[in-house]
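The listed protein sequences derive, respectively, from chains B and V. Heads up: the first sequence begins at 1 in the working numbering, then just goes up one per residue. Heads up: the second sequence begins at 1 in the working numbering, then just goes up one per residue.
No lab work stands behind these hints: they were computed from the structure. You can trust all of the hints, since none of them are fake.
Below, in silico cross-link-like pairs of lysine to aspartate or glutamate (EDC-like), each with a Cα-Cα straight-line distance of 20 Å or less:
no.: 1; chain 1: V; residue 1: K41; chain 2: B; residue 2: E32
no.: 2; chain 1: B; residue 1: K41; chain 2: B; residue 2: D105
no.: 3; chain 1: B; residue 1: K41; chain 2: B; residue 2: D113
no.: 4; chain 1: B; residue 1: K41; chain 2: V; residue 2: D38
no.: 5; chain 1: V; residue 1: K41; chain 2: V; residue 2: D113
no.: 6; chain 1: V; residue 1: K41; chain 2: B; residue 2: D38
Predicted model, so just to flag it, every value in this text is computed and none were measured.
Residues per chain, in single letters:
Protein chains: 2
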Amino acid sequence: MNTVTALDGCVTRAPDTAKVAATRDRLVTPAEAGRLADLFKLLGDPTRARLLYALLEAGELCVCDLAATVEVSDTAVSHALRLLRTAGIVASRRDGRMIYYRLADSHVRLLLDLSLEHLRHE
Amino acid sequence: MNTVTALDGCVTRAPDTAKVAATRDRLVTPAEAGRLADLFKLLGDPTRARLLYALLEAGELCVCDLAATVEVSDTAVSHALRLLRTAGIVASRRDGRMIYYRLADSHVRLLLDLSLEHLRHE
DNA sequence: GGAATACCTGAGTAGTTGTTCAGAGATTGT
DNA sequence: ACAATCTCTGAACAACTACTCAGGTATTCC
Numbered sequence: 001m002n003t004v005t006a007l008d009g010c011v012t013r014a015p016d017t018a019k020v021a022a023t024r025d026r027l028v029t030p031a032e033a034g035r036l037a038d039l040f041k042l043l044g045d046p047t048r049a050r051l052l053y054a055l056l057e058a059g060e061l062c063v064c065d066l067a068a069t070v071e072v073s074d075t076a077v078s079h080a081l082r083l084l085r086t087a088g089i090v091a092s093r094r095d096g097r098m099i100y101y102r103l104a105d106s107h108v109r110l111l112l113d114l115s116l117e118h119l120r121h122e
Numbered sequence: 001m002n003t004v005t006a007l008d009g010c011v012t013r014a015p016d017t018a019k020v021a022a023t024r025d026r027l028v029t030p031a032e033a034g035r036l037a038d039l040f041k042l043l044g045d046p047t048r049a050r051l052l053y054a055l056l057e058a059g060e061l062c063v064c065d066l067a068a069t070v071e072v073s074d075t076a077v078s079h080a081l082r083l084l085r086t087a088g089i090v091a092s093r094r095d096g097r098m099i100y101y102r103l104a105d106s107h108v109r110l111l112l113d114l115s116l117e118h119l120r121h122e
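Sequences are here, hints too, so could you generate the full structure?
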């Protein structure tokens, strides 16, 4: 039912046509869109992206190893990890003085894989 | 080969251990990470996210219908669409006065679907 | 207990970003 | 050609963000 219904027209700032109404019914709610945007926003930073892909490769890394891997200060890594952990994207485990981080979710792994493939495949 | 090799230690700001070196070899390059972050950053805005999900539902919409659907000004929509189009995420088609936008890539569709499922499934 | 190490937190700041506003192209119908 | 309509563009501004810096917490080893 998403075949184009010819032209809907657009009568000066009030195009409440059938197509718009139908789309709005199926559309993600503003709240969902906000949460989706928040998720993407977290991935949308080079440092955090590198951290996540490092975890994707290594499986599990402590903070200072992450810092060395992506070449940023440990405080910057710590700030970044806090955001990712709060959002449930990474999980942590303490072992002695060190705290090991890993990807929390298989969905996130899929997302990272899919995005990398998208990037490399065109 | 990503089984954990016990603890690597972390000798004061210079933990160039084997694990770090191995991860860095496999890691996405900084350039790739930047492009990935740019991609996610584009999805990481509520307005742009809603626009993309609207296109995912409707298939194709003109600017003013998009504006009505997501309830933002047409100029804001236009600005947003320019970014998405420049990045190759959406494509456009002119028909008379109107310009119809659609998702450019099936990878993007998968990404949007996967993310929505992630959000709703936990 | 005390020093050393790994990590965290809060404040401050430079850089970035999304929106509005005003105006310019581009296309259609008369 | 002219008016109307749909879309685009550039500048200005408010809001947000990611980093650095200084200091704090938690754990281990002597």
